[in-house]
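Peer 1: Chains as they are written, first to last, in numbering that gives the first Met the number 0: chain A, 0 to 325; chain B, 0 to 307; chain C, 0 to 344.
Rather than coming from a laboratory, the hints here were simulated on the basis of the structure. It should be emphasised that the depicted structure is a prediction, and the values quoted were computed from it without experimental measurement. We put the CB at the ideal spot given by N, CA and C, even for glycine. Heads up, a few of these hints could be off.
As the list claims (entries may be wrong) - On the chain B side, residues computed to face chain A include the following (Cβ under 8 Å):
(1) Val14
(2) Ile22
(3) Pro42
(4) Gly134
(5) Leu137
(6) Val141
(7) Val143
(8) Met244
(9) Val276
Claimed, not checked - To list a few chain B residues with every Cβ distance to chain A over 12 Å, as calculated:
(10) Met0
(11) Ile34
(12) Val43
(13) Pro44
(14) Asn58
(15) Leu62
(16) Met69
(17) Phe73
(18) Gln74
(19) Gly83
(20) Gly165
(21) Asp239
(22) Leu243
(23) Gly245
(24) Val279
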Amino acid sequence: MTKHKEVDPTGPAGAAPAPAPGAGAGAPGTSAAAVAEAGGTVGGQAASLWHDAWRELRGRWVFWGSLVILALVAAMALFPSLFTGRGVNQGCDPNLSKLGPSGDHWFGTDLAGCDYFSHVVHGARPTLLIGVAVTLFAFLIALVFGMLAGYYGGPLDALIARITDVFFGLPFVLGATVILVAFPSHGPGAMTLVLVLLGWTTMIRIMRAQVIAVRDADYVQAARLLGASDRRIMTRHILPNAIAPVIVVATLNVGNVIAGEATLDFLGVGLQYPQVSWGLQLNLAQSYFVDHPHLLLFPAVFLSATVLSFLMLGDAVRDALDPKLR
Amino acid sequence: MWRYVLRRLLQAIPVFIGTTLLIYLLVFALPGDPIQALAGDKPVPENVLNTLRDRYNLNDPVLVQYAKYMFGLFQGDLGENYTGQKVSEMLSGRWVVTAQLALTAWTFELVVGIALGAWAGLRRGRLADTLVLGGTTLLIAVPVFVLGYTAQIVFGLNWKIFPSAGTDQGWPVSYLLPGMVLGSLGLSYVARLTRTSLAENLRADYVRTARAKGLGRTRVVGRHALRNSLIPVVTYLGVDFGSLMGGAIVTEGIFNLPGVGQQVFQSIQLKEGPVVVGAVTLLVLIFLLVNLIVDLLYGWLDPRIRYE
Amino acid sequence: MELTKEPDAVPPPRDAPEDGHLLEVDDLHVEFRVRGRDVQAVNGLSYTLAEGETVAILGESGSGKSVAAQAVMGILDTPPARVTQGSVRLRGEELLGLPERRRRAFRGDRISMIFQDALSALNPVFTVGDQITEMYRVHRGLRRKPARDKAVELMERVRIPSARQRLGDYPHQFSGGMRQRIMIAMALALEPDVLIADEPTTALDVTVQAQIMRLLAELQDELRMGLVLITHDLGVVAGVADRIVVMYAGSVAEQAPARELYARPAHPYTAGLLASVPRLDQRGGPLVPIKGAPPDPAALPPGCPFRPRCPRAEAVCAAERPPLVTVGPGHAAACHFAEEVHGAC
């Protein structure tokens, strides 16, 4: 609601950016300041920031651990046949309902007697797809409009800020619930659309603050004096130096979107049968958790591990980009 | 200070109108028949649908519809369900439960979150810090409904430390476990914010001054550094209230607490769209109000803000 | 107006030591641990201070002057900083080995400090009244009302207009000069024996600088207090310092009575500093900057730390670290050629 409130509601990034007076978005602000301070050539300095970050990341097990888990989940999403011979909702036997884990069914079976393991494998695709797609679209919106608002300022900035405030007034789960209840169909496409609508506000605020921090740097002024066009200044000079914190938040955001999407599936306003997703699996089995805990355990572990990996990845990248925070 | 209050109030008005209009447009003005959409695939008699179309003034221009709808909201009219029962009546009496739950969760996340955050912030880079960071990341990663069921099975049914569901034992006993589940996400953010902010403030010049004044460590940390470190925590509480309301739907559903959230939870499963829309719209309004209050609190906590 | 002290104040009695020194800093060494390496920030600093005397500690940023002052106050962050050697005596009493509780009783009471940027050095969320009365309430156990009265007296004494009304204002509502006055009031609340002023005027306009320096000098006279003035600015030092200690790379390059130092520097660094500032008595002469940059304290060259920038450097400078050589009464310089530099002027 206010510009001071740069606290990020969607990720542990929120933990870092204390709204330090004058520093805009805290952690991202400081790294921008570090970038701006360095002065000098443009592309090279952004490149060396990433270069240093990469050297820092290489040595951290959290980074590699997250990557391995995410690679595994991505493989499940892209090539489910590598993991299971069964198709979506295939080979179910109602006589084998709610069996515990066994040699035949590693993760047991669900209510309809379907193999739970293959369900978990197939659930990776919509879950990951929605998480990544929502973040990607929100990221692009934030990039374009945050850049325009920050660079041009004035009425355009004010207009974008007011619109952001309005959308920011809709909390994620509440907003998605009320909209999805009235939404005609609940396919992954519709879900993505609704979640993008609710999920772009944090990133645009950070992007805007970043652009403002970089906008008045000497090398940007120099480029302007040399007659570079606005477009060239924005894409070549400002973007590379403003984007790092937004990428961090985007990484964290994938995890949060996945958790949010699962919650909506669980509530029954998200994806619907015969779709498969981890959240939906948990929704369908919710009455049987007490007697058949494996129905809760397996989708929950995969879901949490995926979200956790995105969060740890984002945290690690942020630490690497901004050594001052450690 | 009063100028600050007035400015914040004026700023809140467009947000308030914009947000409610947004909900309204997305629910009632999308292509297709919103009333049929709200019912989903549930069979509803045609005359009931017609009554509802009438009820939501769907034959008027959109802005007139919105104005009538908002006017109704302010008079406590949240709409009706498919059997003609008023949503406001369905919710009356449920507010107390939700308020008690939210209060428990808020207290939990503030007290424990600030304590954990301060502990980690004072021992930055050491074991305590690593533990708090790791633990809070894990709590953020586990969706609230997974946490809810796990806690219910482990602490409620297996170990029987807390009641597993319902409100038989009243406040606070019956609300402790759901409150902790609901507050866990906020707790993680509060702890992380406090940690970062405190560690930053401990390096600030004014803390050095406080030490040069000969003040004891408790006073330097507890009064000088912590007071400044809590400013971002307070601003977070407003945002957090939104996820708290969303989480209340899940938590009340799981723990069978007869609050507003449970009504929403059940109405979703019964495909009672109008009830969900009415109740959630009201929750959003409460969220906006709480945010406004937090904003005013922020101005009181940080004198620099008031004079911008 | 007087700021009375209660007889049962915590710090020990103030008997005059035999040698007449108020503050003695002897061979102070401070180390920082940075990324697993030990960096020498202060490398054998010694000076003495008498009642009513002003000693200026002059040095570039990174010369260790602020670190040394914080070590004397006992407010360094430990870790990463560590006092490895030396002694700090106030009226003959050794401060360095004291347990934190006893050390704390000295801070703010017998020895006080003010800082460069009063805006960041004052707590933004408390009123200036709160921050000044805190001194009386914590050290003297005064109640709210009498503490506030004393705070008003104090603010009037440092010439803050309409002091009583401004008690409830926050630091950001004051101008830079007024804020520094509040810092001074806070530091002098308990009439300390020693005030350490770390670049007290650097953040201020030139005209305000002069007012603040004059105020400090007046208060020093009234209270008979010793003043340690830390600065990088020869201009600030000129009018007020009795003696000057020039620091370079963590250790003393030269120390001398102020007039003597200006007239006949005995260290090439001091000579270089003097040549690089405009002087009214030598109009038209060329300004000569010192070449190069101060050394990285993490990688000090062997021998004399000033050698890479020194116009007189010879082979011996790279091999041996020069000791402090006395060249006159109260005048010493750490240079192999101190006598010659001193004689040349």
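Peer 1: None of the hints should be skipped; say for each whether it holds.
Peer 2: Do the hints match the structure? See the list:
1. Val14: Where the cut-off is 8 Å and the nearest Cβ of chain A is about 5 Å from Val14(B), the hint holds.
2. Ile22: With Cβ-Cβ at 6 Å, under 8 Å, it holds.
3. Pro42: Interface hint status for Pro42(B): violated (17 Å vs cutoff 8 Å).
4. Gly134: 12 Å, violated
5. Leu137: Leu137(B) check passes; min Cβ-Cβ to chain A is 7 Å, inside 8 Å.
6. Val141: 5 Å, holds
7. Val143: With Cβ-Cβ at 7 Å, under 8 Å, it holds.
8. Met244: 6 Å, holds
9. Val276: 6 Å, holds
10. Met0: Given a closest Cβ separation of 16 Å, the condition holds.
11. Ile34: Non-interface label fails for Ile34(B): nearest chain A Cβ at 9 Å, not farther than 12 Å.
12. Val43: 14 Å, holds
13. Pro44: Pro44(B) is indeed farther than 12 Å from all Cβ atoms of chain A, at 20 Å.
14. Asn58: Nearest chain A Cβ is 18 Å from Asn58(B), so the label holds.
15. Leu62: Holds: least Cβ distance 16 Å, greater than 12 Å.
16. Met69: The assertion about Met69(B) holds, with a minimum of 15 Å to chain A.
17. Phe73: Given that every Cβ of chain A is farther than 12 Å from that of Phe73(B), nearest at about 17 Å, it holds.
18. Gln74: It holds; Gln74(B) is separated from chain A by about 20 Å at its closest Cβ, greater than 12 Å.
19. Gly83: 19 Å, holds
20. Gly165: Holds: least Cβ distance 15 Å, greater than 12 Å.
21. Asp239: 7 Å, violated
22. Leu243: 9 Å, violated
23. Gly245: 3 Å, violated
24. Val279: Check fails; 4 Å does not lie beyond 12 Å.
Checked against the numbered hints above, the structure violates hints 3, 4, 11, 21, 22, 23 and 24; every other hint is satisfied.
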